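A.B. asks: Chains as they are written, first to last, in the working numbering: chain A, 1 to 329; chain B, 330 to 658; chain C, 659 to 1054; chain D, 1055 to 1450.
These are computed hints drawn from the structure, not numbers from a lab. There may be inaccurate statements among the hints.
Stated by the list, open to error - Pulled from the structure, derived: some chain A residues nowhere near chain D, Cβ distances all over 10 Å:
{"no.": "1", "residue": "49"}
{"no.": "2", "residue": "182"}
{"no.": "3", "residue": "204"}
{"no.": "4", "residue": "285"}
Said to hold, decoys possible - List of simulated lysine-lysine pairs, PhoX-like, C-alpha gap at most 20 Å:
{"no.": "5", "chain 1": "A", "residue 1": "48", "chain 2": "A", "residue 2": "35"}
{"no.": "6", "chain 1": "C", "residue 1": "959", "chain 2": "A", "residue 2": "48"}
{"no.": "7", "chain 1": "D", "residue 1": "1355", "chain 2": "B", "residue 2": "377"}
{"no.": "8", "chain 1": "B", "residue 1": "364", "chain 2": "B", "residue 2": "377"}
{"no.": "9", "chain 1": "B", "residue 1": "334", "chain 2": "B", "residue 2": "548"}
{"no.": "10", "chain 1": "A", "residue 1": "35", "chain 2": "C", "residue 2": "959"}
Keep in mind that this is a model prediction, so the values were computed, not measured. We treat Cβ as the ideally placed atom computed from N, Cα and C, and that holds for glycine.
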Amino acid sequence: MAAQKMTLAKGINAGLRAAMEADPKVLLMGEDVGKLGGVFRITEGLQKDFGEDRVVDTPLAESGIVGTAIGLAMRGYRPVVEIQFDGFIYPAFDQIVSQLAKMHARSRGALRLPIVIRVPFGGGIGAVEHHSESNEAYFAHTAGLRVVACSDPADAYWMIQQAISSDDPVMFYEPKRRYHERAEVDLDPQAGSILGLHDARVVHEGTQVTLLAYGPTVKTCLQAADAAAQEGISLQVVDLRSLSPLDTETIDRVVQGTGRAIVVHEASTFLGMGSEIAAHIQQECFHHLEAPVLRVGGYNIPYPPSRFEEEFLPGLDRILDAVDRSLAY
Amino acid sequence: MAAQKMTLAKGINAGLRAAMEADPKVLLMGEDVGKLGGVFRITEGLQKDFGEDRVVDTPLAESGIVGTAIGLAMRGYRPVVEIQFDGFIYPAFDQIVSQLAKMHARSRGALRLPIVIRVPFGGGIGAVEHHSESNEAYFAHTAGLRVVACSDPADAYWMIQQAISSDDPVMFYEPKRRYHERAEVDLDPQAGSILGLHDARVVHEGTQVTLLAYGPTVKTCLQAADAAAQEGISLQVVDLRSLSPLDTETIDRVVQGTGRAIVVHEASTFLGMGSEIAAHIQQECFHHLEAPVLRVGGYNIPYPPSRFEEEFLPGLDRILDAVDRSLAY
Amino acid sequence: MTEIRDVAVHHETVVPQAQQDITDGGPDMVQFVDGEGTRLERTAANTPYAEIVEALTPEDGRSMYRDLVLVRRLDAEGHALQRQGELGLWPSLLGQEAAQVGAGRAMRAQDFAFPGYREHGVAWCRGIEPEQLLALFRGVDNGGWSPSELNYHLYTIVIGNQMLHATGYAMGMQRDGVVGTGDEDRDAAVMAFTGDGGTAQGDFNESLVFAGVANAPLVIFVQNNQWAISEPNYKQFRVPPYQRAQGFGFPGIRVDGNDVLAVYAVTKAALDNARAGQGPTLIEAFTYRLGAHTTSDDPTKYRSAAEVDIWREKDPIKRMRGFLSQKGYADDAFYESVDREADELAVRVRTACQNMPEPSQERMFDEIYVDPHPVVEREKAQFMEYQAGFETQEAR
Amino acid sequence: MTEIRDVAVHHETVVPQAQQDITDGGPDMVQFVDGEGTRLERTAANTPYAEIVEALTPEDGRSMYRDLVLVRRLDAEGHALQRQGELGLWPSLLGQEAAQVGAGRAMRAQDFAFPGYREHGVAWCRGIEPEQLLALFRGVDNGGWSPSELNYHLYTIVIGNQMLHATGYAMGMQRDGVVGTGDEDRDAAVMAFTGDGGTAQGDFNESLVFAGVANAPLVIFVQNNQWAISEPNYKQFRVPPYQRAQGFGFPGIRVDGNDVLAVYAVTKAALDNARAGQGPTLIEAFTYRLGAHTTSDDPTKYRSAAEVDIWREKDPIKRMRGFLSQKGYADDAFYESVDREADELAVRVRTACQNMPEPSQERMFDEIYVDPHPVVEREKAQFMEYQAGFETQEAR
Ligand SMILES: Cc1ncc(C[n+]2csc(CCOP(=O)(O)OP(=O)(O)O)c2C)c(N)n1
Ligand SMILES: Cc1ncc(C[n+]2csc(CCOP(=O)(O)OP(=O)(O)O)c2C)c(N)n1
Ligand SMILES: [Mg+2]
Ligand SMILES: [Mg+2]
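Isolated chain A (complex conformation):
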């Protein structure tokens, strides 16, 4: 199998198709995932090819979707649930936190719930309220779940398949404003570039400050690294990929190298992923740190109307400003 250029959206679509071909127990469920292919067309063409029993247009009720997915998983299926937009996952919060996360422990290992919940997340698409949220921290704080975020087409293609083959429940975050970005995807399962689902990746080498990001902000950080390079500053960029568990081995190694770290995400910083990462780093790399771990994120306000989102979202300027502050220590 050769490499192929595709969008991130197509990467997930192709990954879902591969998983469905490999295992007849894999089902897709969600609102409008059938004929429409989902509002982002991620499941496009799949109902046509796999039928209505495997690509299920559900009633409009997220608790019902996740709750019935749990029942299907108990019966041996591997449901992949699409939540239409980040802001609509909350009606399912109870099923996710009380049941999905806990069932394996509750049953002392007798039950497994190999369910993937796909969440198109983040802002930057000019949407109305509730359509631009970054709620990954809620689930990362929830023991029993695994939480990952892809940031490019290749990870999209491979990580969704790895998530589906995980026997644990996985929250799968998709950076919706990156859906249409294209890149080469190596379709060869032996490709050396395929990392484990929970491994972080250094996506840009650098020596002075480490930027830690995931999902949509990885690209922003890469742009920041390019811009900084022009000013003679060398930034390292890490795509965390997995939010729970964190790949702390990689994080510790790279931060011990630069001595300076900045976490960049769209979620509000107060108790966002950056707080856990900062708390971890200051503990494990205490003597290596030249400056405190800084956090650049969404402000601590509800996601604002779209005319404000450019300022709300962490952009190049704010990242570079934090880099300056870090270097100033």
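Use these hints to put chains B, C and D with the ligands onto chain A, whose structure you have.
C.D. replies: Chains B, C and D with the ligands alone, transformed into the frame defined by chain A:
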């Protein structure tokens, strides 16, 4: 009004009564809050005195309780909602996060939702699953909410009244395993000891390491301070009282004094309050820290069956062990 | 020991297929005029409401027609503004004008309405300025009006949430003593709007529980426009929504949502009952979404042109015009004057949209909390300082 | 600009008061024996199920009686063990034995049940060892059995959650091709249990939506024991739960929950329909919680002794014994032998409880995830090291 000795449960009960007497718009809502007085008897006697319209036994549906409370608040009422146990708040998560937290911003200030959600939280009472959770971090991460936790009868009495008079929504956490502990409560509104709702309090002076706690672990930390004193170690204990916003002024001041901090809570540490506090301290007190901020909390597993909770909950030994580790830096 | 079964995966489709005729509302449906506008005889279904319709004056009829036309034009303008990049999104009400105008006009000033996101026609009847509707879709605000001024709540986008707010608000009215006093100008009720898809949500059903138990003055108004984005009715329920109510202990009524007279009459009756302390009613307005779900949607992916054509024939404006003409209540001069008014409205909406001031960016930090909040204040201060830094740089 | 109204607060009670007679199930209720155990004539309500009852043998009747008595004893022992400090909590099924045994016995091995937390009688019928039920309430485990072994899910404590799991499981059966094949030993269905209070939850209602739409092989079994902790029926719904189903497009049946024959027959018919591909049924078993909600509860705070007395008269065991005696299907020797068996069971349960091994503390870190998880592994290792440190200290 003189001081009076009462339990923490009675403190809340008396505070609710005072608030209801002061303002006819204050309503209590929840499951079994009427004749039964709630499963913890916090609302005991109030329906009898204020009637069924003001102490409302609701249907068994938490989203419905919070959703209708929002409607009542829009109509000018000040509902105080009781969630029967921490683990049963999740069905209301959507209403809390999507609506309660955001309505003031959504309406650009036109609407206020002066709603208090009371959550008996934490473990240590030998309960079955879902009855011992510490989920405050979810709400502290949610912009638009205020989150507080009382730890003794006096705070219980005064903080519940302050929460009710707040025009913002307040998540009010009650340490259920401390409900029956008694202490003196000064009922005089002019009492000098009354702090603002969002102020932290140094509850034990000490010089070597600062313990930061809230709710049920405040007492554990005080015990740790006593035990440490016997070994000649001087621990300072801070009752955070407010989790969102944090009283960072007090935190910074005290930690800059000792140079060593340990956050102690029952919630899982990964993305628990301790992670935000550690991230904050390492940023604001970077040059003052003699040791990394440490965290002692529940393990990163679902709350275990009750025969395990003594080991699961942060106890004296684990706190003192962390003190040793902090001092060893 | 995962619970993988040894049973072979079943390959015939087990998912149910459509059985309902989605173009026929059935005998329970209340209707007063047919597709051409001809006034229908009394039927078992419409008799209870006939008096209300008969009490309407020709002027009422013309005024309803005017609302229908203006609301459609407002909607078309919203759509056009989105296409021209002035709005981020527009959810069109095309085809649902009668359902919304009928419902909106049945309300009194003291009643309160909780819309979804498509209720531009109800907003119009409540007196919301059309340009106020645009702020949300332009991305400058999450709602351009103060809910208490005209007793019209903000749009609610999370499906189902508003149903419980409406129920709670109605419970507040009960406590305020403005239900069942017999004072026409004082007694009040609440209307809650959602769609066919919305009936599946937990919150929707919990609102039926709470409203039923409290006997709240609430009218639940479900616009069954046959589609929830791409999903047809049979993927949301097995029997039509109006039947849901009886299982919660109060009446459910199906009304022809394209017949403004019928919608008005049924809603007025339900509101009168609610205000009088008779408790909740669920109304299902059987209608059709003629356009796309929103401007982001492509309905050709999931439904046939033929189906849309059938429903285009059932156009609510055409029917009302037919009725007025047949009765001699209106003439061409009237219709032309309404069209001119619509043209003026369109210009007004367009101009207002284009002239909408760009909000200042630091406003995003305002009104997050009522009382001061240190985190927000600090972030706002930093933001302003930071912005000022740029401006200084640029000025240099 | 908060929306404080100028309206004076209303002082009469607007909250509705009880209207229903909570001791009479009404004419729709299916019943086969009266309070003394006398076999009733055919009625409109019971006729559809009469054949099922008539097909039962005297041995079936005795076996049902035995189950009722043993389950009651098991429950009493759980209660006593809690009182003696051996269990943290016990939710008693006292009074609900017939509802649970009737339902449990109607299931086939291949069917699957999703209980709440009070379904000790259903557990018994599924073959769960009584001592396995104790682990949860003793705090050593969250369920002492593997759900797939006897097709009985763990207890679910978050009210409503299990209803959706049951619906999904039934949808899985459809996909597995074990519904409507006509093969008696293969066709399967799911039972989902909840209480009267549970019917208010969003999840409960969403399960009706999903099951209706999918035509899933599901029997929803609501034990209406008249109380949800301290809240009576009229605070949870306006019409009884069996009427809820029709609004979602499938049948709802009310059965006398203290009449084991009626419960068995109604449940068997519903399960047969479900397995045959006829879709869901909701059964409301009208019964009464004779004890406290749980051992933590004090019902004297909220209900009268007189009410309890009325229901004690409707005792399900007394009725079944009356029936067997009147028919001559059982004699004193039989009743005595069952009582002896109950005594043995009690001893067995008590001994098993007291002998339950104390779990080793590090087990709390096991089976959190299926695949290795670094955080949990690290914490477990640290925990064990730390514990070992103590032990070393103590050893010294
Ligand atoms: C809780 C929630 N889930 C999903 C969505 C996304 N969504 C927006 S509109 C819609 C369909 C609504 O259909 P219906 O209730 O019939 O109303 P209509 O759009 O037809 O007026 C969906 C799924 C949402 N807004 N809220
Ligand atoms: C979501 C949720 N909210 C609240 C509770 C607390 N609670 C436990 S049992 C109960 C009452 C249940 O009543 P019902 O459904 O009638 O069942 P019963 O106990 O009578 O068998 C409540 C409120 C819970 N377990 N789950
Ligand atoms: Mg619709
Ligand atoms: Mg009950």
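A.B. asks: Does each hint fit the structure? Answer for all of them.
C.D. replies: Status of the hints after comparison with the structure:
| no. | hint | in the structure |
| --- | --- | --- |
| 1 | 49 | holds, 17 Å |
| 2 | 182 | holds, 32 Å |
| 3 | 204 | holds, 25 Å |
| 4 | 285 | holds, 16 Å |
| 5 | A:48 x A:35 | holds, 7 Å |
| 6 | C:959 x A:48 | holds, 12 Å |
| 7 | D:1355 x B:377 | holds, 12 Å |
| 8 | B:364 x B:377 | holds, 7 Å |
| 9 | B:334 x B:548 | holds, 18 Å |
| 10 | A:35 x C:959 | holds, 6 Å |
Every hint, counting from the list given before, is met by this structure.
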